[in-house]
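A.B. asks: Listed below, chain by chain, are the residues.
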Amino acid sequence: MPAFNRRDFLLHALAAGTVAPAILGSTSSAGQASGAGTLRVPTAREANDLNPWKYSGLWVVSSLIYDPLVSYGPGGKIVPALAESWTVSNDGLDYTFNLRKGVTFSDGTPFNADAALWNLKHWIGQSDHSWLSVSANFEAMRKIDDDKIGIKLKAPASAALIELSTINPMRFLSPASADADGNYVKPVGTGRWVVVSSNANGTEFARNDKYWGEKPAHDRLSIPVIPEGRSRVAAMRAGEIDMMGGSFAAKISPQEAETLKTVPGVTVVTDMGTDTIVLGFNPTRAITKDPAVREAISLCLDRVAIAKVVMAGYADPTANLFPPSVPYAGRREPVPNRDVEAAKQKLEAAGWTGDAPRQKDGVPLALELVISEDAVPGSRALSEVIQSQLNEAGFGVTIRQVDHVTRHDDIPNMKYDMSLFITNGAPYDPHGSITIFFLSTFTSGTDGKMFVDAEHLDPLLLKALSANEGEREAAYQAVLDWLRDNHAICPIYHAKRIWAHTERVAKFVFPTTEYEMPDKGVVLA
Amino acid sequence: MAQVALRRLLSALILVAVASVACFSIVAVFPGNVARVIAEMRSSTVSDEIVKQIEVQYGLKDPVPLRYLRWAGRAVRGDLGESLRTGQPVAKDLVRRAPLTVILILGGGAFTLVMGMGLAFLGALWSDSVIDRIIHVLSLIGASAPKFFIAALLVYLFGVVFRILPTYGFAGPASWILPCISIGIIPGSILSRVARVALAEEMSRQYVVTAISKGLPRRRILVHDALPNALPVTINAFAMHFAFMVQAALVIEPIFAWQGIAAYFVEAVRFRDYQVLQSCLLVFCVFFILVNLSVDLISMALDPKQSRQRLA
Chain A
395 MPAFNRRDFL LHALAAGTVA PAILGSTSSA GQASGAGTLR VPTAREANDL
445 NPWKYSGLWV VSSLIYDPLV SYGPGGKIVP ALAESWTVSN DGLDYTFNLR
495 KGVTFSDGTP FNADAALWNL KHWIGQSDHS WLSVSANFEA MRKIDDDKIG
545 IKLKAPASAA LIELSTINPM RFLSPASADA DGNYVKPVGT GRWVVVSSNA
595 NGTEFARNDK YWGEKPAHDR LSIPVIPEGR SRVAAMRAGE IDMMGGSFAA
645 KISPQEAETL KTVPGVTVVT DMGTDTIVLG FNPTRAITKD PAVREAISLC
695 LDRVAIAKVV MAGYADPTAN LFPPSVPYAG RREPVPNRDV EAAKQKLEAA
745 GWTGDAPRQK DGVPLALELV ISEDAVPGSR ALSEVIQSQL NEAGFGVTIR
795 QVDHVTRHDD IPNMKYDMSL FITNGAPYDP HGSITIFFLS TFTSGTDGKM
845 FVDAEHLDPL LLKALSANEG EREAAYQAVL DWLRDNHAIC PIYHAKRIWA
895 HTERVAKFVF PTTEYEMPDK GVVLA
Chain B
19 MAQVALRRLL SALILVAVAS VACFSIVAVF PGNVARVIAE MRSSTVSDEI
69 VKQIEVQYGL KDPVPLRYLR WAGRAVRGDL GESLRTGQPV AKDLVRRAPL
119 TVILILGGGA FTLVMGMGLA FLGALWSDSV IDRIIHVLSL IGASAPKFFI
169 AALLVYLFGV VFRILPTYGF AGPASWILPC ISIGIIPGSI LSRVARVALA
219 EEMSRQYVVT AISKGLPRRR ILVHDALPNA LPVTINAFAM HFAFMVQAAL
269 VIEPIFAWQG IAAYFVEAVR FRDYQVLQSC LLVFCVFFIL VNLSVDLISM
319 ALDPKQSRQR LA
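Protein chains in written order, with my numbering: chain A, 395 to 919; chain B, 19 to 330.
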């Protein structure tokens, strides 16, 4: 056997030292596109099916490909998109849209009345989409001329224009990209970006040079899939991604935001959120039917401390169902201070006496709090704080943590005493959440109900949902007042929107809703 | 030898059949109604009518044995059904994702072998020296650290601080290094202890004392005499950890954003995508059985005493 002396060792080490950096350096940006003109933004899940008429794809990715007729602007103002202008008849039944002239899909197919109606036929008026009032109330549609279409409704739908600004199934696919039967084949829209590839590793985009509006300054957009939050933070620290965040793209937890704040070259930006974390009650259970119990629960909660500690300050404590960033959010209610003694007195007066758990007619004041991290991220920590705060007043709270599927079975089947809910946020609120979570006649499916009262609450809800613009504010306020006066729910906090970006992003602009990816206004350094 | 191999192959086939029943039963008894999750992809708010339609369409309310037979019948023809979450054929997705998991496990296995045998050999070469003790301590630390912690540490060091390796993604050999080390470092540490003890045992035997007394160098005895005799024990230990690398891949693939079979399984668990779950579990079981079968056959080839015992 030949001897391996010190000189051989040094020679081999030198060779390895020369070759290794060449190999490593050649692929050091593995997993993501690079280049001065590429913006890199991760998502936690793959884009999946980008069919604009289905609900299985990732909407933040779809929002880059497809455009709506109208857009949701700041404060809920509806602004032009593929429709330059529109009119609504006095009875709220006839909508006429003047389509933007000269728009083409990225494959060159013209966007006109025929293309618009071809798209609408794929969803409007169909049962799968009846959760949308514009679809549930649809009667007919027609081509007025090449650049004008009309939609007729059976009954007024005050949220019709807002719904038309949302993502799936509203947006427009190129008819040329469908098969002979009109079925979706590949994602081709009129949006700012064209899909180059999309798979489990991510989606790669090239700028749509045929875009009708202001084109992006950078020519590529890379959206890698990075499922783990810690991995995304590491990738940002390593300079492998340029920005991340959002509720539906790649959520940054308050703890991750605190970490990123300490990283040189990384900026954490926040904005007022549009949703609310709410402790909801099962209205069919005897204990939670008692308003005194619900009021006592509300008094026990220290919303300020929860926002400060559990959310590390990335939330605003609240007693309102909607944050002020949502239209018709109602009068701001003062955030109640925690008052355990007052809670105990309410329970004593209602007949709940004794040590924890208190009892009434032999029934213990024991409540089950059902939570799911998939439905409400961070709910484990929040529920433990709630449990501890309620225990002080004599409640016996047990926490049942379930997975995505079990929650989606238990909540609609009312297998809970209390649960944490999250409102839909813009652009779906306030009409979306008050319909889904409170209207007794509406089947909420997997979302479940925060509270229902068919006799007293439903008439107020229906009035708000059908009110004309002049009456709408007062009608929504009446709903919110009823919920407050009856201690029907416990709003806890409005989580802030959190995004982070590196120095490669010279200008960051929040999208108007969390369902869309930051794009317009974002400028690379 | 061929007779033993045939016997082991037959028992492996029976094990696969039993594993398929176990996989299906585990997934079938999970709580919750998967029809609601499927319905959610069809409509944003799910009506009971849609849920019932889906239950009928997917046969979700049929008795479990009937569902199993239906699934097994298709599976033996290579049709593993469609993912409930994506609608894509599971078999096609498995084939597309398999190279990533194969590279991770083979790379991790190679790292385990090099690390385990290398450290054991160095320790045995300089037995009871400072080097041996340092290796001992490092092996214990490596064996007791959690996988996710090691992965995070490596990413921080080589991705964030030195920026010489990518922190995520699957794009070329450079991107394979950290995941393969992360998955191989714990079994490598354990293997180094097993091999070190096996080598120490061999080095204390009479034939080694005789060889040393005849003036043969320690390194030569270690390589030519002790190592071959310590191999069967070491290979068995390695195989056990190699087979369990699938389990480790469930942690490692998501950390490095590798879209392999393990990551597919993790996503499927969240969405109760039972078509994917059953298929992935079956793939994991088959892998486990095949590794064990291979090791048995390799051990028999290396150590003729074993095949004689099994035939007896």
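By construction, these hints were calculated from the structure, which means they are not laboratory data.
Careful, some of the hints might be misleading.
What the hints assert, rightly or not - Straight-line C-alpha distance at most 25 angstroms; calculated DSS-like pairs for lysine-lysine: (1) A:K548 to A:K857; (2) A:K655 to A:K809; (3) A:K448 to A:K655; (4) A:K580 to B:K70; (5) A:K546 to A:K448; (6) B:K70 to A:K809; (7) A:K645 to B:K165; (8) A:K546 to A:K515; (9) A:K495 to A:K604; (10) A:K448 to B:K70; (11) A:K471 to A:K580; (12) A:K609 to A:K495; (13) B:K110 to A:K809; (14) A:K683 to A:K754; (15) A:K546 to A:K754; (16) A:K515 to A:K542; (17) B:K110 to A:K448; (18) A:K548 to A:K537.
Stated by the list, open to error - Which chain B residues stay away from chain A? Per the calculated CB distances, all over 10 angstroms, these: (19) S65; (20) Y174; (21) A275.
Glycine included, every Cβ here is placed at the ideal spot set by N, Cα and C.
A.B. asks: Would you mind marking each hint as holding or not holding in the structure?
C.D. replies: Checked hints:
For the hint pairing K548 (chain A) with K857 (chain A), the CA-to-CA distance comes to about 17 angstroms; that is within 25 angstroms, so the pair holds. About 41 angstroms separates the Cα atoms of K655 (chain A) and K809 (chain A), which puts this hinted pair outside 25 angstroms; it is violated. With a CA separation close to 38 angstroms, the supplied pair K448 (chain A) and K655 (chain A) exceeds the 25 angstroms bound. Between K580 (chain A) and K70 (chain B) the CA atoms are separated by roughly 30 angstroms; this puts the pair beyond 25 angstroms, and the hint is violated.
Note on K546 (chain A) and K448 (chain A): the hinted pairing holds, with a Cα-Cα distance of about 23 angstroms set against a maximum of 25 angstroms. Straight-line distance between C-alpha atoms of K70 (chain B) and K809 (chain A) comes to about 19 angstroms, which keeps the hinted pair within the 25 angstroms bound. Taken as a hint, the K645 (chain A) and K165 (chain B) pair is honoured in the structure, with Cα atoms around 24 angstroms apart against an allowance of 25 angstroms. As the CA atoms of K546 (chain A) and K515 (chain A) are separated by approximately 13 angstroms, the hinted pair is consistent with the 25 angstroms bound.
Distance restraint check for K495 (chain A) and K604 (chain A): the Cα-Cα separation of roughly 13 angstroms lies within the 25 angstroms cut-off, and the hinted pair is therefore satisfied. The hinted pair formed by K448 (chain A) and K70 (chain B) meets the criterion: a straight-line CA distance of about 19 angstroms does not exceed 25 angstroms. Of the pairs offered as hints, the one joining K471 (chain A) and K580 (chain A) is violated, with about 32 angstroms between alpha carbons and a cut-off of 25 angstroms exceeded. Restraint check for K609 (chain A) and K495 (chain A): the C-alpha separation of about 17 angstroms stays at or below 25 angstroms, so the hint holds.
Taking the CA atoms of K110 (chain B) and K809 (chain A), the gap is near 38 angstroms; set against the 25 angstroms cutoff, the hint is violated. Straight-line distance between C-alpha atoms of K683 (chain A) and K754 (chain A) comes to about 14 angstroms, which keeps the hinted pair within the 25 angstroms bound. A hinted pair counts as satisfied when its Cα atoms are at most 25 angstroms apart, and K546 (chain A) with K754 (chain A) does not qualify at roughly 56 angstroms. Restraint check for K515 (chain A) and K542 (chain A): the C-alpha separation of about 16 angstroms stays at or below 25 angstroms, so the hint holds.
In summary, the hint linking K110 (chain B) to K448 (chain A) is supported, as the alpha carbons are separated by about 22 angstroms, within the 25 angstroms threshold. The hinted pair formed by K548 (chain A) and K537 (chain A) meets the criterion: a straight-line CA distance of about 18 angstroms does not exceed 25 angstroms. Distance check on S65 (chain B): its Cβ comes as close as 5 angstroms (rounded) to a Cβ of chain A, failing to clear the 10 angstroms threshold; non-interface status is violated. The claim that Y174 (chain B) is not at the interface with chain A is violated, since a C-beta of that chain comes within 10 angstroms of its own (minimum 7 angstroms).
A275 (chain B), annotated as away from the interface, has a beta carbon of chain A within 10 angstroms; the closest lies near 4 angstroms.
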